[in-house]
Structure formats: C-alpha cells, structure tokens
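Undergrad: These are the residues of each chain, in order.
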Amino acid sequence: MIKVKIKCFSQVKYALGKNEIIMDLENGSTTLDLEQMIREQGKDKLNDVSLRVAVNQKYVQNGIELKDGDEVAFIPPVQGG
Amino acid sequence: MVVVEIINGPLIPFPSNDDRNQDGAELTFNGRVRDTEYEKAIDALEYEQYQGMAEVELTELAKEICQKFPISDLFCKHRMGRVGIGETSLHVSIWSQHRKEAIEAMDFFIFELKKRVPIWKWAILPDGTKVPSDCAH
Chain A
1 MIKVKIKCFS QVKYALGKNE IIMDLENGST TLDLEQMIRE QGKDKLNDVS
51 LRVAVNQKYV QNGIELKDGD EVAFIPPVQG G
Chain B
1 MVVVEIINGP LIPFPSNDDR NQDGAELTFN GRVRDTEYEK AIDALEYEQY
51 QGMAEVELTE LAKEICQKFP ISDLFCKHRM GRVGIGETSL HVSIWSQHRK
101 EAIEAMDFFI FELKKRVPIW KWAILPDGTK VPSDCAH
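For the record, the sequence lines run as chains A and B.
For what it's worth, my numbering labels the leading residue of the first sequence as 1, then goes sequentially.
For what it's worth, my numbering labels the leading residue of the second sequence as 1, then goes sequentially.
Honestly, I wouldn't trust all of these hints.
Derived DSSO-like pairs: lysine-lysine, alpha-carbon spacing no greater than 27 Å straight-line [as the list claims (entries may be wrong)]: (1) Lys100/B to Lys45/A; (2) Lys100/B to Lys40/B; (3) Lys68/B to Lys100/B; (4) Lys100/B to Lys43/A; (5) Lys68/B to Lys13/A; (6) Lys13/A to Lys100/B; (7) Lys13/A to Lys45/A; (8) Lys58/A to Lys18/A; (9) Lys100/B to Lys77/B; (10) Lys58/A to Lys115/B.
These are computed hints drawn from the structure, not numbers from a lab.
Just so it is clear, the structure is predicted and the values come from calculations on it, not from any experiment.
Chain A with its partners taken away, still in its complex shape:
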C-alpha cells in the first residue's frame, strides 16, 4: 500500500467539503484511479468540472503511477486575476 495526500481547491473542496485528504492506495495506483475515486466521492458535483492533475506541485499528464508520500491536486479551471 502507498499513502498519498490530496489537496482540494475550489469546486473539489466544495464537492468534498475538505481541504485535504490522506488516502491509502494499492501499489501501482495511478492519478486516473485516484481521480475516479475523487469524482465518486464528489457524487454529481464534479460531473461537469474538468480537472488537471498536479503531483508534488507540478502539472503532470494524467495517468502516471503514484508513489508513497506523493501530494496530488486535482485542479479545477483556474480563475486568477
């Protein structure tokens, strides 16, 4: 098993009601697996929300394998300015 930290922002935070989640995953789990879990937890609230993924504070291609201790953020459309 591996342990990852999920940081939640904007619509993801709103849907899950949490700033941060610590989750245990099977070895070999990917960001896509995790995104599916997050979307299920968010019920319908994330259905229309596109999410980019960042691992350890860098944007990555979705689908990469996660490692123990990774920090993951599913990033809804950004709105700075």
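Put chain B on the given structure of chain A with help from the hints.
TA: This is chain B only, laid out in the frame that chain A set:
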C-alpha cells in the same frame, strides 16, 4: 527582471519610475473586483491559491513573458483572501522601449495567468455564504 508577489491584505501598487531612460512605455494593469458575478450581486471575492505552486507558476510565467516579448521588466502582485468590491486583486506593471510590446505582453501574461496559475475565486454572497465562482473572465 521579474518581481512576483502573492500577498494577503491590501495591495500597494509598484511605484511609477522616472529613472528608466531606456523605456518609453510603462504599462500598468489593475484588475478590480466587480459587484456582480454572472449578473448576481456579491459582497466580495475570496481568492484561494495552491500555496507554493501558485507562486512558482506565476514566476515561471513572468519569466517566459520576458523571454517571449522584448520588454525590460514585468512586476506582478496578486492578492489572496477576501477582496472587497472595487479593490484591486491583480496589479501588473510592464516596462518596455515601445508601447506595442508592453501591451501585447500584458495581454498574453494575463491570458496565460488565467489558464495555468492555480488561483481560484470564491464569491461571497449577500447572505454570507461562500461558493466557488463561475467566472473565468
């Protein structure tokens, strides 16, 4: 040179600079909070960032802009937390030899900022509730 600051609390603009003898253009943009979001009244916006990544992305973007456009300097401040109606949330100053490159660089910088820098807005509604903003303008 780039200067990037993500700040809590009131935003103090970068001072105008009369000593830049080589720069004929000094362009400043202030993004301010409107009193509506999608035609609904709001009391304020609350800005949220991915601490760490937001500043790194903003700094990298500012450096890319300085390489892409023939400008001298780009300075940027972005507020976090609650920002009241009419207050400045984003302040950018660009200096360049001529105006055209500063205007183009400013437009591209803000366009890219709104695509990739992990900062979000929450609308504070008149009844006090807080919801993620729908506005991506």
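Undergrad: A separate judgement is required for each hint: does it hold in the structure or not?
TA: Each hint tested on the structure:
1. At roughly 44 Å between alpha-carbon atoms, Lys100/B and Lys45/A are farther apart than 27 Å, so this suggested pair is violated.
2. Restraint check for Lys100/B and Lys40/B: the C-alpha separation of about 36 Å exceeds 27 Å, so the hint is violated.
3. Proposed proximity of Lys68/B and Lys100/B is supported: the alpha carbons are some 14 Å apart, at most 27 Å.
4. Restraint check for Lys100/B and Lys43/A: the C-alpha separation of about 48 Å exceeds 27 Å, so the hint is violated.
5. Distance check on the hinted pair: Lys68/B and Lys13/A sit about 35 Å apart at the alpha-carbon level, beyond 27 Å; violated.
6. With a C-alpha separation of about 41 Å, the suggested pairing of Lys13/A with Lys100/B is violated against the 27 Å cut-off.
7. Proximity of Lys13/A to Lys45/A is assessed by CA-CA distance (about 11 Å); at most 27 Å being required, the pair is judged to hold.
8. A distance of roughly 21 Å separates the Cα atoms of Lys58/A and Lys18/A; the hinted pair therefore holds under the 27 Å criterion.
9. In summary, the hint linking Lys100/B to Lys77/B is supported, as the alpha carbons are separated by about 22 Å, within the 27 Å threshold.
10. At most 27 Å may separate the alpha-carbon atoms for a hinted pair to count; Lys58/A and Lys115/B meet this at roughly 15 Å.
Violated hints, listed in ascending order, are 1, 2, 4, 5, 6; each of the other numbered hints is respected by the structure.
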